[in-house]
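**Student:** So you can see what is in the structure, the chains are spelled out below.
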Amino acid sequence: QQQVKQSPQSLIVQKGGISIINCAYENTAFDYFPWYQQFPGKGPALLIAIRPDVSEKKEGRFTISFNKSAKQFSLHIMDSQPGDSATYFCAASKNSGYSTLTFGKGTMLLVSP
Amino acid sequence: DTEVTQTPKHLVMGMTNKKSLKCEQHMGHRAMYWYKQKAKKPPELMFVYSYEKLSINESVPSRFSPECPNSSLLNLHLHALQPEDSALYLCASSLLGTAGTEAFFGQGTRLTVV
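Those protein sequences? They're chains A and B, same order as listed. Each residue of the first sequence is one higher than the one before, starting from 493 at the first, in the numbering used here. Each residue of the second sequence is one higher than the one before, starting from 3 at the first, in the numbering used here.
Honestly, the hints are just simulated from the structure, not real lab data. Beta carbons: idealized from backbone N, C-alpha and C, even for Gly. Treat the hints with care, as some may be off.
What the hints assert, rightly or not - To spell it out: a stretch of chain B is covered by chain A in this simulated footprint if at least three of its residues, at any positions, have a beta carbon under 8 Å from a beta carbon of chain A; those stretches are:
# : segment
1 : 18-28
2 : 92-99
As the list claims (entries may be wrong) - As a list, the in silico BS3-like pairs of lysine-lysine whose alpha-carbon atoms are at most 30 Å apart:
#  : chain 1 : residue 1 : chain 2 : residue 2
3  : B       : Lys21     : A       : Lys550
4  : A       : Lys534    : B       : Lys21
5  : A       : Lys586    : B       : Lys24
6  : B       : Lys43     : A       : Lys586
7  : B       : Lys43     : A       : Lys549
8  : B       : Lys11     : A       : Lys534
9  : A       : Lys597    : B       : Lys24
10 : A       : Lys534    : B       : Lys24
11 : A       : Lys549    : A       : Lys563
12 : A       : Lys560    : B       : Lys11
13 : B       : Lys11     : A       : Lys563
14 : B       : Lys21     : A       : Lys586
15 : A       : Lys497    : B       : Lys21
16 : A       : Lys549    : B       : Lys21
17 : A       : Lys563    : B       : Lys43
18 : B       : Lys43     : A       : Lys550
19 : A       : Lys597    : B       : Lys43
20 : A       : Lys534    : B       : Lys40
21 : A       : Lys507    : B       : Lys21
22 : B       : Lys21     : A       : Lys563
23 : B       : Lys55     : A       : Lys563
24 : B       : Lys40     : A       : Lys597
25 : A       : Lys549    : B       : Lys42
26 : B       : Lys55     : A       : Lys549
27 : B       : Lys40     : A       : Lys497
28 : A       : Lys507    : B       : Lys43
29 : B       : Lys40     : A       : Lys586
30 : B       : Lys42     : A       : Lys563
31 : B       : Lys42     : A       : Lys550
32 : A       : Lys597    : B       : Lys11
Next comes chain A alone, as it looks inside the complex (with noise of 0.2 Å):
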């Protein structure tokens, strides 16, 4: 069973354009939602996160719309760069104490010069 579903699995945005990926969940037990970005060879770093008691958080060109009641989230990249080429994840944690993540099977964003 799925928990964390991703899409598009992949995705091709001109310099400049904006990056949509989406993300829904199923289990109303996750509080805590983060999108991290992983480099080839790299792990993944944390790029922003939210949490369910806001619809929307803005860090620089990077933005997270949140909708509860859809159980959907999504990423939005502003001003897309070729240096943002990367996989990115969405993932879900539930208020256990601890940071466990289950991660949505991630988008491969491309975007050209």
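Position chain B relative to chain A; hints supplied.
**Tutor:** Structure of chain B alone, referenced to chain A:
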């Protein structure tokens, strides 16, 4: 220092070998994690340590044996692995007690079993 350091970066081992992966952090985090990541797949949780004690074992085969000798170090001992165990092994750490704290990942150890 917001770094999780993993050694070695690459490891090739035979199916009869015994090897260990090492992870170190100096952020004062009392939760440490091992994840396994296959190519083009998301990381999957293997083990969680809190206060140097094993808290979660996600039904990982016994050929993987974790160890947390102190609050800064986490090891993963490997023995009699199979070729399908080849993967990127990621260590992570975080604060404890507050949900939704950032998990910091290391660069991983790329393991190849031959």
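**Student:** All hints, please: hold or fail.
**Tutor:** Against the structure, the hints:
As drawn, the segment 18-28 of chain B meets chain A at 0 residues by the rule of a beta-carbon pair under 8 Å; below three, the given contact is violated. Counting residues of the segment 92-99 of chain B whose CB lies closer than 8 Å to any CB of chain A gives 6, so the stated coverage by that chain holds, three being the minimum. Note on lysine 21/B and lysine 550/A: the hinted pairing is violated, with a Cα-Cα distance of about 44 Å set against a maximum of 30 Å. Distance restraint check for lysine 534/A and lysine 21/B: the Cα-Cα separation of roughly 22 Å lies within the 30 Å cut-off, and the hinted pair is therefore satisfied.
Only pairs whose Cα atoms come within 30 Å are accepted, and lysine 586/A paired with lysine 24/B is accepted, the gap being roughly 27 Å. Between lysine 43/B and lysine 586/A the alpha-carbon distance is near 21 Å, which keeps this suggested pair within the 30 Å criterion. With a CA separation close to 27 Å, the supplied pair lysine 43/B and lysine 549/A stays within the 30 Å bound. About 10 Å separates the Cα atoms of lysine 11/B and lysine 534/A, which keeps this hinted pair within 30 Å; it holds.
With a CA separation close to 27 Å, the supplied pair lysine 597/A and lysine 24/B stays within the 30 Å bound. A C-alpha spacing of about 16 Å is found between lysine 534/A and lysine 24/B, which places the hinted pair at or below 30 Å, so the restraint holds. As the CA atoms of lysine 549/A and lysine 563/A are separated by approximately 16 Å, the hinted pair is consistent with the 30 Å bound. In summary, the hint linking lysine 560/A to lysine 11/B is not supported, as the alpha carbons are separated by about 40 Å, beyond the 30 Å threshold.
The suggested pairing of lysine 11/B with lysine 563/A is violated, with an alpha-carbon distance near 38 Å, which exceeds 30 Å. A threshold of 30 Å between alpha carbons decides the hint, and for lysine 21/B with lysine 586/A the separation of about 33 Å lies outside it, so the pair is violated. Between lysine 497/A and lysine 21/B, the direct Cα distance comes to roughly 35 Å. Violation of the 30 Å bound is thereby established for this hinted pair. Simply put, lysine 549/A and lysine 21/B have alpha-carbon atoms about 43 Å apart, too far for the 30 Å limit, and the pair is violated.
As the CA atoms of lysine 563/A and lysine 43/B are separated by approximately 23 Å, the hinted pair is consistent with the 30 Å bound. For the proposed pair lysine 43/B and lysine 550/A, the alpha carbon gap of about 27 Å is at most 30 Å, so the pair holds. Proposed proximity of lysine 597/A and lysine 43/B is supported: the alpha carbons are some 6 Å apart, at most 30 Å. A hinted pair counts as satisfied when its Cα atoms are at most 30 Å apart, and lysine 534/A with lysine 40/B qualifies at roughly 13 Å.
Distance hint between lysine 507/A and lysine 21/B is unfulfilled; the C-alpha atoms sit about 45 Å from each other, more than 30 Å. The straight-line distance between the Cα atoms of lysine 21/B and lysine 563/A is roughly 43 Å, outside the 30 Å bound, and the hint therefore fails. A hinted pair counts as satisfied when its Cα atoms are at most 30 Å apart, and lysine 55/B with lysine 563/A does not qualify at roughly 34 Å. Restraint check: the Cα-Cα separation between lysine 40/B and lysine 597/A comes to about 11 Å, which is no more than 30 Å; the hinted pair holds.
Simply put, lysine 549/A and lysine 42/B have alpha-carbon atoms about 28 Å apart, close enough for the 30 Å limit, and the pair holds. For the suggested pair lysine 55/B and lysine 549/A, the alpha carbons sit about 35 Å apart, so the restraint of at most 30 Å is broken. Among the hinted pairs, lysine 40/B with lysine 497/A is consistent with the structure: their alpha-carbon atoms are about 18 Å apart, no more than 30 Å. In summary, the hint linking lysine 507/A to lysine 43/B is supported, as the alpha carbons are separated by about 26 Å, within the 30 Å threshold.
The straight-line distance between the Cα atoms of lysine 40/B and lysine 586/A is roughly 24 Å, inside the 30 Å bound, and the hint therefore holds. Only pairs whose Cα atoms come within 30 Å are accepted, and lysine 42/B paired with lysine 563/A is accepted, the gap being roughly 25 Å. For the proposed pair lysine 42/B and lysine 550/A, the alpha carbon gap of about 28 Å is at most 30 Å, so the pair holds. A C-alpha spacing of about 24 Å is found between lysine 597/A and lysine 11/B, which places the hinted pair at or below 30 Å, so the restraint holds.
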